[in-house]
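**Q** Place chain B on chain A using the hints.
Number of protein chains: 2
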Amino acid sequence: MFRKILLLSFVLVIYSNLCNAQMNDSIMLRKIYDQALENGKAYDWLHELCFKIGNRVSGSPQADKAVKWGDSLMRTLGYDSVFLQPCMVPQWWRGPKEKAHFMVGKKKVDVNILALGGSIATPKEGMDAAIVMIDTFDDIDSMMVEACRGKILFINGKMNQKNIRTFQSYGHCVRQRWAGASAAAKKGAIAVVVRSVGTSTDEFPHTGSMGYEENIAQIPACAISTIHADMLEAQLKKHKGDDGAVRFYFNQQCKMLEEKQSYNVVGEIRGSQFPNEIIIVGGHLDSWDVGHGAHDDGAGVVQSMQVLQSFKALGIKPKRTIRAVLFMNEENGGRGGTKYAELAAANKENTIAAIETDAGGFSPQGFSFENDSLRAFKVRSYKNLFEPYQLFSWNYSGGGADINHLRNQGTLLIGLVPDSQRYFDIHHTAADTFDKVNKRELHLGAAAMTGLVYLMSEYGF
Amino acid sequence: MFRKILLLSFVLVIYSNLCNAQMNDSIMLRKIYDQALENGKAYDWLHELCFKIGNRVSGSPQADKAVKWGDSLMRTLGYDSVFLQPCMVPQWWRGPKEKAHFMVGKKKVDVNILALGGSIATPKEGMDAAIVMIDTFDDIDSMMVEACRGKILFINGKMNQKNIRTFQSYGHCVRQRWAGASAAAKKGAIAVVVRSVGTSTDEFPHTGSMGYEENIAQIPACAISTIHADMLEAQLKKHKGDDGAVRFYFNQQCKMLEEKQSYNVVGEIRGSQFPNEIIIVGGHLDSWDVGHGAHDDGAGVVQSMQVLQSFKALGIKPKRTIRAVLFMNEENGGRGGTKYAELAAANKENTIAAIETDAGGFSPQGFSFENDSLRAFKVRSYKNLFEPYQLFSWNYSGGGADINHLRNQGTLLIGLVPDSQRYFDIHHTAADTFDKVNKRELHLGAAAMTGLVYLMSEYGF
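Just so you know, the sequences run in chain order A and B. According to the numbering used here, the first sequence is numbered sequentially starting from -19. According to the numbering used here, the second sequence is numbered sequentially starting from -19.
FYI, nobody ran anything at the bench for these hints, they're computed from the structure. Some hints here could point you the wrong way.
Any copy, or any two copies together, can satisfy a pair, since identical chains are not distinguished.
The list that follows gives simulated cross-link-like pairs (lysine-lysine, DSBU-like), each with its CA atoms no further than 30 Å apart [stated by the list, open to error]: (1) Lys299 / Lys104; (2) Lys292 / Lys142; (3) Lys297 / Lys142; (4) Lys142 / Lys363.
Remember, predicted model here, so these are calculated numbers, not experimental data.
So that you can see chain A by itself, here it is in the shape it has in the complex:
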């Protein structure tokens, strides 16, 4: 009997502690959200980054400025330490504004293009040749060399509008941008024009990185805006069978410069109980060289700093060490992510979890995990705490490009999942500007991450 009572008491104590913990966690999450929504600084920081610095491709003077800005800003925020991690980055320079048009007989139609990041230039006088079209990247395999040789290939793949999450469609369609040039060169094409990988029909071409395969001729590659892609497509369909009927001209004078030193910027609040267990939250400081890089990834940068700022503002001393990492060179090399992981391994750091925010500063919907590891299972058990904040999507679509390098260090990789409907309207375009970011949405994303970091810091694994 006594043992039964003892057991019962034991169970009751455990249960009551669990209930208390759950209640205290709820209260803390509410405080975190209140703080971010009422007094979050991320939006103001983003304004500074967008208007005082602007876009900031790796190696550019603006990227240097952004490093200084992140470093100085974090030094004012009272963190335990702020430090830089040097890394070499590639430097690709777009050159003067591209020019392009197509001709149907004597009719000339000017079109908007952007050279793809990493592409070589056209000759100085530009390139002028017959253009042929394929509907999707997959069609390239069955293309006859005769149909392509000496011509410009237009890869007209469209993002699938049917997927509810636009990232799924992006993942499929982006191959034409990344791999289109070498695939076209194998068929004898002298240049490649890809339809912009985007969801809306407008005049803004979407740039982004591309690569050349080894031992394949390098040909110039550019993206054409979706509205102009539609016009080009219509003419090519109209003149189907008459391969020389439509000619394309473009001129881009981009080039690779020498590699240059740049930096990741890291801010840290040291854990009060388990300082050697590290949780990171990060976005990337570089952007493409058009627009403001506001959603991609200014938003992620300021949200990551907001997480630490919220801990400071609320006076929460985390049990484990938390770090905001502003990665360099996500867009065209991923050198910052690689370097971070390399240093973490060299320093034998125990990075227990990493959250990346690089999918836009839109309304957060949940988190994504790389797989259903035991750690992911534990973190997913916090889901119910986030239901009042409408974070219903806890799925397995991976972490993110910068933190993925930590995979072999046993780190739980997590991505913030925002609403994805608008992201690929403006991704890598001149339209990715500050006015597209909503303050509440941005701060809700920061609050979501702060909440999750808090719970992981309290309970560990």
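**A** Chain B in isolation, oriented as in the chain A frame:
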């Protein structure tokens, strides 16, 4: 034994039918979403409404045009019938652009205001008086008449940023706009200026309807932009205790004209099996007289028509009658909603369910029901079918202003629930323009409603 086998077979048949139904429903929902995302017309229709007609306050020539536009458009879509429901609407005319400033000593600060809908004018030469401030509408009760008499009262209530759903904050704060004038008049104020009921800090004042209590002096009422409210607040705080230190001037020449005939526009596809059971989906055709009325409620208008359009495009013959209702005069009278319910009662119509879309054309998150009736219970059981489309919020925050009049007719009242973060940035302002609407978000909302209408039409109650 035989009976057991019989029972088991029976259970298996039921179960298998249920599984088939569920599977067929899933397939149909996928088709509905595919159709809306790939070939939805709502966005193009909204473009027409915004750019060919523009904003359309009740009684205005543009509202007349909008009625004709909705009627003509639906007549081209092959519905079984399209008809107008005449109703008298109030006509409030803003007059020439308002002027306003405040003075601190000799320093003059121009500010942006909008007269509130329904307000009387200032004298022709405007009004110029000392201004006093209260922080929230609730503070008015404890205000001394002496502090207010002969002055302009500034009600500076701010929307609570902490609520995750912004409609909650709106519901609380909007009282200062609706009831501020009479409350101020009771304290002897000669005019009322309210802080715009909005979530962002910017230069756009938010108009909206207000009412005068009977037997209380009518005083002019306007809303001031949030950025100018901040400036005014700062000066009033600085000069606290010195009641005459800050003076406010404004001039608005708005007035009520005679009531005028207008119309609800209704399109119908008759049910193939239960034509007398009616499901309606609707938004309101009128808007405020600034901006485009794009989110409020052009979005709802075109989404409602899209629901019927999707049925036609997919060749679905609904078992029950479905109607798109474009209500008139939601903003300042609700006469269209009242008239619709009145006619439905007079015609002894059986409106089994009504969905209203009047919360912006943003990413849909779910549906809201008025209460947990048996009908709501049945419809909520469809929730799992919508999880692939990220509709996770099925709550009880009510139907909508236009369909609420059907409450006493046994109708299940449902509201489409979109993401609410951006809505009150632009609500009732010159910034509620077409460019703020995202095509995919708009069409996802239409698809969500089409799916729910389909299921209710198939299975009834």
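**Q** For each hint, tell me whether it holds in the structure or not.
**A** Taking the hints in turn, this is what the structure says about them:
1. Lys299 / Lys104: neither (59 Å within a copy, 66 Å between copies)
2. Lys292 / Lys142: For Lys292 and Lys142, the Cα distance is within 30 Å only across copies (19 Å; inside one copy 43 Å).
3. Lys297 / Lys142: Classified as between; 23 Å across copies, 45 Å inside a copy.
4. Lys142 / Lys363: Classified as both; 28 Å inside a copy, 20 Å across copies.
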